[in-house]
Amino acid sequence: MSTITRTLGNLRKIGLKEYWHQLNYIGDTKAGTLVGTDKFGNKFFENKDELPLRTRWVDYAKHDYDAAHIEPLWHAWISYAVDTLPNQDPIKATGDRPWSPKEHVPNRTATRGAFKTYSTTKPKIQSWEPMAAPR
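Reminder that position 10 of the sequence shown reads as 329 in our numbering, one-by-one numbering, no gaps.
Simulated from the structure, these hints should not be mistaken for laboratory data. Yeah, the Cβ is synthetic: ideal placement off N, Cα and C, and Gly gets one too. Treat the hints with care, since some could be wrong.
Simulated restraints, written as ranges between beta carbons of each label pair [unchecked claim]:
no., residue 1, residue 2, range
1, 411, 373, 21 to 29 Å
2, 418, 446, 35 to 43 Å
3, 369, 408, 18 to 26 Å
4, 445, 340, 57 to 65 Å
5, 360, 322, 30 to 38 Å
Below, simulated DSS-like cross-link-like pairs (lysine-lysine); rule was C-alpha separation at most 30 Å, straight line [unchecked claim]:
no., residue 1, residue 2
6, 381, 411
7, 421, 362
8, 362, 332
9, 381, 421
10, 421, 411
11, 381, 332
12, 358, 421
13, 435, 381
14, 332, 367
15, 411, 435
16, 358, 332
17, 358, 381
18, 381, 336
19, 367, 381
20, 435, 421
21, 362, 336
I would like the entire structure built from these sequences, with the hints used as guidance.
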């Protein structure tokens, strides 16, 4: 939760339309500089004057936002694992890797498409099944 002076200051900096958009999607108002955009259309912002660990945020291109909608290098930057921007990173400058996803792969957790393990070995412990003796 932010103070009223910070909220009104951000309203003045970003405008009413962006203010309403941020309240609906991230639940807070933030003003910062656009530092880059990934190939999925997500916009990444940074403001060094914010509180620690609240200086970076993303504006997702799609409304059903999920952390899986971010490219791996941008995800490392947004989670403070690296400090260099992916568009200035020398590894990214060499080009896309062959294993990097060409389009977004959705997170299938808790759906029918989720990964489920199975075993091909015989279990060491068998479950007990009651057998009724014939009379």
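Evaluated hints:
| no. | hint | result |
| --- | --- | --- |
| 1 | 411 with 373: 21 to 29 Å | 25 Å, holds |
| 2 | 418 with 446: 35 to 43 Å | 41 Å, holds |
| 3 | 369 with 408: 18 to 26 Å | 23 Å, holds |
| 4 | 445 with 340: 57 to 65 Å | 58 Å, holds |
| 5 | 360 with 322: 30 to 38 Å | 32 Å, holds |
| 6 | 381 with 411 | 24 Å, holds |
| 7 | 421 with 362 | 18 Å, holds |
| 8 | 362 with 332 | 18 Å, holds |
| 9 | 381 with 421 | 17 Å, holds |
| 10 | 421 with 411 | 15 Å, holds |
| 11 | 381 with 332 | 24 Å, holds |
| 12 | 358 with 421 | 9 Å, holds |
| 13 | 435 with 381 | 28 Å, holds |
| 14 | 332 with 367 | 15 Å, holds |
| 15 | 411 with 435 | 33 Å, violated |
| 16 | 358 with 332 | 27 Å, holds |
| 17 | 358 with 381 | 13 Å, holds |
| 18 | 381 with 336 | 17 Å, holds |
| 19 | 367 with 381 | 26 Å, holds |
| 20 | 435 with 421 | 24 Å, holds |
| 21 | 362 with 336 | 16 Å, holds |
Hint 15 from the earlier list is the only one contradicted by this structure; the remaining hints agree with it.
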